[in-house]
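Asker: In our numbering, the protein residues as written are 1 to 251.
Hints in this document: simulated from the structure, not taken from any laboratory.
Just so you know, even glycine gets a beta-carbon here, dropped at the ideal spot from N, CA and C.
You may find that some hints are simply not true.
[Claimed, not checked] Computed Cβ-Cβ distance ranges for the label pairs, DEER-style:
no.: 1; residue 1: L80; residue 2: G24; range: 29 to 37 Å
no.: 2; residue 1: S50; residue 2: L80; range: 47 to 55 Å
no.: 3; residue 1: N235; residue 2: D186; range: 42 to 50 Å
no.: 4; residue 1: T192; residue 2: G159; range: 15 to 23 Å
no.: 5; residue 1: S127; residue 2: G67; range: 27 to 35 Å
no.: 6; residue 1: A191; residue 2: T69; range: 51 to 59 Å
no.: 7; residue 1: Y163; residue 2: T69; range: 42 to 50 Å
no.: 8; residue 1: A136; residue 2: T183; range: 12 to 20 Å
[Claimed, not checked] Quick list of in silico lysine to any residue cross-link-like pairs, SDA-like style, CA-CA up to 25 Å:
no.: 9; residue 1: K9; residue 2: R71
no.: 10; residue 1: K9; residue 2: T69
no.: 11; residue 1: K97; residue 2: T143
no.: 12; residue 1: K9; residue 2: I39
no.: 13; residue 1: K9; residue 2: P53
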Amino acid sequence: TGAGYVTIKLGLNAANMSNGDTIGRLIFTSLNGGDFAYIQASVDGTPSASAFPTSLRFHTNDGTQAGATERARFDSDGRLLVGAYSGTYSTERLVVKGSSSTSTGVFIHNSNGATNSSADLWFGNWSGSTTATAQARIQALNTNVNTAATDLVFSTYNGSAIYPRMRIDSGGNLLLGTDTPATDADVTIRATAPQLSLYATPGNITRITMGDTDDHDIGIVGYDNNANSMFFNVNNDTRLTITSTGNAEFG
């Protein structure tokens, strides 16, 4: 009438086992043999009569080899490791590792595809409540059901709710405080009293450079924090300087 169990037991005392030893396997195979897949429990640390550090390892066969290869592992600290079995990890809960000349990563797919549907990453750092509250969010937001045009939206929590703060839209525009770009603008900032601040280390120059791919700084608006003066460069020459006393010097 009680719960049923299946036990796989190794014929050794825990104190006689070493890190990496195989404790047992659940093997999936066929009548003529060959490992299609198996789940393996291994010692993951230094065991004793009262401590049993264990990892659970998942192996599959890609069809090109006789044996199965490890694909994922839950280690003794509860981390999920995918392709990352030899490194040292501390606070990470999920580690994904690959080796590719193109790319490797994690793919999040929302198969709905409707306008305003999204594939999301949520972040939280919350204690003292049984209800988890997201404190940050990154969305891949589908803005057109027909073309799958996608915006990347970054949201943060202000203490009571989570709000979008920054967006890179499908046209490559950077938007702060809005989801609509200004006409012909690559960067749009919208706020009650918007401010863009550029800070240099003491005594250095703060500047905005303008130009093209042939000459990236042919036009400059700058502030010399050493002389406390503002200057305007046109065609690579300073055409106007406003000194710290407010005098305008041309040429």
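Asker: Using the C-beta atoms of N235 and D186, is the stated range 42 to 50 Å upheld?
Answerer: Hint violated: Cβ distance 23 Å, outside 42 to 50 Å.
Asker: Is K9 within 25 Å of I39, Cα to Cα?
Answerer: Satisfied, since the Cα-Cα distance of roughly 14 Å is no more than 25 Å.
Asker: Using the beta carbons of A191 and T69, state whether their distance is inside 51 to 59 Å or not.
Answerer: This hint holds: roughly 53 Å between Cβ atoms.
Asker: With the threshold set at 25 Å, check whether the alpha-carbon distance from K97 to T143 stays at or below it.
Answerer: Judged against 25 Å, a Cα distance of about 31 Å means the pair is violated.
Asker: Within a Cα-Cα threshold of 25 Å, do K9 and R71 meet the stated pairing?
Answerer: holds, 24 Å
Asker: Using the beta carbons of S127 and G67, state whether their distance is inside 27 to 35 Å or not.
Answerer: violated, 45 Å
Asker: Take a look at whether the Cβ-Cβ distance between A136 and T183 falls inside 12 to 20 Å.
Answerer: With a Cβ separation near 31 Å, A136 and T183 fall outside 12 to 20 Å, so the hint is violated.
Asker: CB of Y163 to CB of T69, is that within 42 to 50 Å?
Answerer: holds, 45 Å
Asker: Is 29 to 37 Å a correct range for the gap between the Cβ atoms of L80 and G24?
Answerer: violated, 21 Å
Asker: Going straight from one Cα to the other, do K9 and P53 come out at no more than 25 Å?
Answerer: holds, 15 Å
Asker: Evaluate the given range 47 to 55 Å for the C-beta pair formed by S50 and L80.
Answerer: Since S50 and L80 have Cβ atoms about 26 Å apart, the given range 47 to 55 Å is violated.
Asker: Is it true that T192 and G159 lie within 15 to 23 Å of each other by Cβ?
Answerer: holds, 19 Å
This entry does not satisfy hints 1, 2, 3, 5, 8, 11, going by the numbered hints stated previously.
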